[in-house]
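Chain by chain, the residues:
There are 2 protein chains.
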Amino acid sequence: MDMSAKRHLVLVLVLSCLWGALSMPDPKHREDLMKTEASMQTGGRMVLSEKEQQLSSRLLQMKSEEVMRVDFPPSMHFFRARDLIKESPIFSLLQKVPKGAALHLHDFSMTSVEWLVKNSIRFFFSSQIPKPLPQCSPWVLLEKLRALTVNVTALDDSIMKNLTIFTDLDPDVAYPSQDVLWNRFEEAFRAVSGLVTYAPVFRDYYYQGLQELYADNVMYLELRAMLSEVYELDGSTHDMIWTLKTYQEVTRQFTADHPEFFGARVIYTIHRGVNSTVMAQVVQKAMQLKKTFPDLVAGFDLVGREDPGRPLWYFRNELSLPSDKGLQLPFFFHAGETNLEGSEVDQNLLDALLFNTTRIGHGFALLRHPVAKELSRKNGVALEICPISNQVTKLVDDLRNHPGAVLMAEDHPLVISSDDPAMFGSSGLSYDFYEAFVGFGGLRSNLGTLKALAINSIRYSSLSTQQQDKALAMWQKRWNKFIIENT
Amino acid sequence: MDMSAKRHLVLVLVLSCLWGALSMPDPKHREDLMKTEASMQTGGRMVLSEKEQQLSSRLLQMKSEEVMRVDFPPSMHFFRARDLIKESPIFSLLQKVPKGAALHLHDFSMTSVEWLVKNSIRFFFSSQIPKPLPQCSPWVLLEKLRALTVNVTALDDSIMKNLTIFTDLDPDVAYPSQDVLWNRFEEAFRAVSGLVTYAPVFRDYYYQGLQELYADNVMYLELRAMLSEVYELDGSTHDMIWTLKTYQEVTRQFTADHPEFFGARVIYTIHRGVNSTVMAQVVQKAMQLKKTFPDLVAGFDLVGREDPGRPLWYFRNELSLPSDKGLQLPFFFHAGETNLEGSEVDQNLLDALLFNTTRIGHGFALLRHPVAKELSRKNGVALEICPISNQVTKLVDDLRNHPGAVLMAEDHPLVISSDDPAMFGSSGLSYDFYEAFVGFGGLRSNLGTLKALAINSIRYSSLSTQQQDKALAMWQKRWNKFIIENT
Ligand SMILES: [Zn+2]
Ligand SMILES: [Zn+2]
Chain A
271 MDMSAKRHLV LVLVLSCLWG ALSMPDPKHR EDLMKTEASM QTGGRMVLSE KEQQLSSRLL
331 QMKSEEVMRV DFPPSMHFFR ARDLIKESPI FSLLQKVPKG AALHLHDFSM TSVEWLVKNS
391 IRFFFSSQIP KPLPQCSPWV LLEKLRALTV NVTALDDSIM KNLTIFTDLD PDVAYPSQDV
451 LWNRFEEAFR AVSGLVTYAP VFRDYYYQGL QELYADNVMY LELRAMLSEV YELDGSTHDM
511 IWTLKTYQEV TRQFTADHPE FFGARVIYTI HRGVNSTVMA QVVQKAMQLK KTFPDLVAGF
571 DLVGREDPGR PLWYFRNELS LPSDKGLQLP FFFHAGETNL EGSEVDQNLL DALLFNTTRI
631 GHGFALLRHP VAKELSRKNG VALEICPISN QVTKLVDDLR NHPGAVLMAE DHPLVISSDD
691 PAMFGSSGLS YDFYEAFVGF GGLRSNLGTL KALAINSIRY SSLSTQQQDK ALAMWQKRWN
751 KFIIENT
Chain B
271 MDMSAKRHLV LVLVLSCLWG ALSMPDPKHR EDLMKTEASM QTGGRMVLSE KEQQLSSRLL
331 QMKSEEVMRV DFPPSMHFFR ARDLIKESPI FSLLQKVPKG AALHLHDFSM TSVEWLVKNS
391 IRFFFSSQIP KPLPQCSPWV LLEKLRALTV NVTALDDSIM KNLTIFTDLD PDVAYPSQDV
451 LWNRFEEAFR AVSGLVTYAP VFRDYYYQGL QELYADNVMY LELRAMLSEV YELDGSTHDM
511 IWTLKTYQEV TRQFTADHPE FFGARVIYTI HRGVNSTVMA QVVQKAMQLK KTFPDLVAGF
571 DLVGREDPGR PLWYFRNELS LPSDKGLQLP FFFHAGETNL EGSEVDQNLL DALLFNTTRI
631 GHGFALLRHP VAKELSRKNG VALEICPISN QVTKLVDDLR NHPGAVLMAE DHPLVISSDD
691 PAMFGSSGLS YDFYEAFVGF GGLRSNLGTL KALAINSIRY SSLSTQQQDK ALAMWQKRWN
751 KFIIENT
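Sequence lines, in order, name chains A and B. Following my numbering, the numbering of the first sequence begins with 271 at its first residue and continues without gaps. Following my numbering, the numbering of the second sequence begins with 271 at its first residue and continues without gaps.
A few of these clues could be false.
In this list, chains with the same sequence are indistinguishable; a pair is considered to hold if it fits within one copy or across any two.
[Stated by the list, open to error] Think about it this way: if two alpha-carbon atoms lie no more than 20 Å apart in a straight line, the pair counts; the simulated SDA-like pairs of lysine to any residue are:
#1 K305 x S613
#2 K648 x E680
#3 K648 x G543
#4 K305 x W583
#5 K305 x W452
#6 K388 x G695
#7 K560 x A469
#8 K321 x V337
#9 K561 x A308
Simulated from the structure, these hints should not be mistaken for lab results.
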């Protein structure tokens with residue numbers, strides 16, 4: 271992926287023959303510079319077949335029309351833009367694009383809430399009141415709930431409202447600050463996890479999540495998972511080994527049912543709110559899991575809002591345990607999901623890189639850190655960019671101002687992902703691909719960009735090179751089919 | 271100003287001794303990287319005296335408190351943030367900072383509207399109805415106006431409302447789109463120009479404008495001026511030579527009255543809405559003016575909204591006239607004040623550079639143009655960054671996401687200016703300095719940043735090196751005084 275040296279050379283050559291010109295700039299040189307710039311973007315050097323070029327032109331045509339709209343979706347809040355995006359022809363096409371891998375997705379917001387409500391409602395039917403659960407509100411009889419609501423749809427709707435942060439209200443009124451937003455977000459996360467950690471729901475929820483990715487033409491997943499305890503109605507619980515094994519079994523079942531799906535891996539995550547003692551235990555546990563399930567467990571990460579949380583450097587001793595013990599534990603740190611420039615937490619980006627993170631979750635603040643940016647580029651540490659998530663959590667309004675637009679203009683190592691799609695009223699990767707392709711890329715990104723983003727998602731995955739080659743071959747077949755079917 | 275080579279060297283050295291480490295990152299190396307990054311920002315290599323360091327620490331303390339506020343002004347629309355900024359201790363200090371030069375300011379929005387209304391009201395008192403003016407609405411007797419309003423203050427307020435786009439309403443409701451905003455903006459501009467182009471007002475307006483800059487501790491101005499016809503009540507008009515000479519005389523008067531003020535120059539501007547024939551005439555005129563008033567006229571620029579306007583390349587023949595004729599006409603092009611990525615207008619940045627522009631007005635889109643960015647950096651073509659203007663014209667909401675934050679992190683050649691302060695309900699440079707220092711810089715920028723911004727504004731001015739040295743010596747005296755008075 272390192273073509274940066276070559277790129278610089280080209281740039282210097284073009285510039286040196288041009289600069290110092292006195293009369294009208296030579297249109298030929300101008301053209302060359304424009305081409306150089308276009309070639310520097312993500313996918314800018316991708317060679318396209320004739321058919322691909324045809325499709326690329328069609329995409330550009332669609333985009334020109336999209337840009338002319340008074341309500342330009344990438345400039346609007348996703349909650350208001352969603353239906354506009356859904357209806358746009360370019361989105362229909364983006365859904366069909368074989369997008370490769372989803373590398374930044376969390377366990378309890380991967381599956382649509384509609385499905386969850388319809389399929390977890392059954393666990394309200396129990397012959398006796400189940401044992402109370404420590405982190406949940408007390409059990410309520412469904413008939414009591416029913417008495418309070420007019421009809422089942424209304425009940426479903428009211429339950430659903432608690433399980434996502436999506437709202438039809440003005441999002442800036444509903445969530446006036448990052449604090450309010452994150453509180454509601456973590457609340458909804460706890461509510462979902464109360465439903466999903468019920469064993470029978472857990473299996474189905476994950477299977478359904480894979481189904482939704484598959485339907486969105488995603489072929490591989492690296493799932494950030496808390497590996498929470500899963501319970502049965504009799505009060506018994508399963509430990510994280512059970513949870514991991516369930517992920518493994520369901521993934522096997524799913525790939526058996528869908529041979530075009532490549533598979534899934536788990537990135538074990540812990541909330542950054544824990545103390546050092548707990549962190550030390552968790553890191554030990556993570557090393558053990560990685561050793562026991564080397565093909566299933568990709569590595570380790572911390573989750574939860576960065577701003578009020580402990581910075582990575584606070585846990586420097588605990589995070590050094592793997593290298594101290596000579597054990598392998600790849601990191602996939604969330605970092606730079608902040609706009610508190612110059613704060614302690616803003617140091618997470620550099621620290622993630624110093625701890626040899628494999629990828630960076632978000633990296634929203636990267637542009638303000640030229641040293642970290644250089645390290646990420648030189649060492650091929652890709653950013654997992656989640657446009658809708660950053661907008662919903664109020665880091666940026668108009669997505670054309672998202673740093674991803676700049677990073678894509680420079681072909682910085684990156685992939686596009688969706689973080690918590692169910693929570694945002696989104697699903698799969700296509701909505702985020704829309705924001706990146708139409709919003710970040712403007713009129714400049716083309717089919718080569720989409721192709722590069724898909725290839726990136728496999729090349730920057732945790733898979734071994736051999737596995738990547740296999741996945742790429744599989745992807746290429748689907749890509750070729752996609753091209754034929756759409757030209 | 272070209273320390274970029276040296277900077278890269280330092281970065282490479284630090285990285286090479288660090289990378290590949292296996293156990294906990296060496297805290298010393300981490301510290302070094304953080305220092306390297308901090309040193310890369312605007313003013314990051316400025317050596318500060320002991321007293322300056324004291325003041326810098328005080329500034330940092332003030333900023334930490336500012337960042338803790340629930341309503342963080344740089345994240346808010348300026349119309350709502352203005353009073354918060356005005357009351358903040360850091361703003362009081364920023365007002366006192368000798369800020370050097372204002373390099374991007376327009377003729378008819380440099381002076382506060384309060385002053386304009388109070389001092390142009392007199393031209394309603396005329397013994398007979400004056401001749402109608404082509405671009406203005408018909409004359410109205412003040413008594414008729416009075417009959418419609420309750421009291422003089424209400425009349426003043428209602429006039430004022432037409433002369434600025436500032437509003438107490440929700441700015442997103444008042445101006446739901448860039449189109450609406452720009453229409454109101456150009457309307458207000460025409461209204462002001464009707465008042466200001468009345469000869470007696472014209473002189474006083476400009477003198478008062480200089481006064482306001484001086485009060486804000488600005489010492490030099492490069493004013494973008496349309497050099498419009500100026501009228502008398504008898505219907506007679508003055509041509510642009512008169513206008514230019516008036517600027518010259520008033521500037522001389524002002525510097526005589528205020529020996530600490532260095533002076534002013536004019537950048538002759540034309541609306542980009544004209545056709546090629548008119549443009550050719552105007553460029554000829556500009557060359558002639560530059561020749562006749564070499565010390566007064568700095569150069570030439572096009573104004574008006576870029577998006578719907580003709581791109582620079584459309585005028586390539588006309589803009590080549592100076593070099594074709596071997597005459598000197600420095601350009602100071604507005605460019606990249608857009609978020610229409612990949613459009614024809616988005617090419618203005620590169621074209622401005624190809625036409626050897628001396629500086630770039632705004633350059634908001636520069637980060638999305640790596641080739642243009644490289645050219646601007648290598649050739650020391652500074653951006654005139656106007657944070658509040660870009661926010662008001664709806665290019666960006668939260669100013670922490672303004673590209674200036676990234677460019678300042680990299681010490682890209684730039685200056686801070688205020689574009690149309692009176693139009694935005696702002697004044698001088700201090701409000702924009704606040705946004706840049708607190709919003710762009712976060713907790714990382716320091717007194718060295720402010721010092722560098724002031725020095726930049728002189729070094730990137732159109733003054734000769736000799737004049738710059740003189741201006742810098744003048745500035746240094748004021749700076750020393752400022753340091754002593756504030757430690
Ligand atoms: Zn995440
Ligand atoms: Zn301007």
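Comparing the hints with the structure gives:
no., hint, verdict
1, K305 x S613, "between (39 Å within a copy, 14 Å between copies)"
2, K648 x E680, "both (13 Å within a copy, 18 Å between copies)"
3, K648 x G543, "neither (32 Å within a copy, 45 Å between copies)"
4, K305 x W583, "between (43 Å within a copy, 16 Å between copies)"
5, K305 x W452, "neither (43 Å within a copy, 32 Å between copies)"
6, K388 x G695, "within (16 Å within a copy, 54 Å between copies)"
7, K560 x A469, "neither (23 Å within a copy, 81 Å between copies)"
8, K321 x V337, "neither (24 Å within a copy, 53 Å between copies)"
9, K561 x A308, "neither (44 Å within a copy, 40 Å between copies)"
When each numbered hint is compared with the structure, violations occur for hints 3, 5, 7, 8 and 9.
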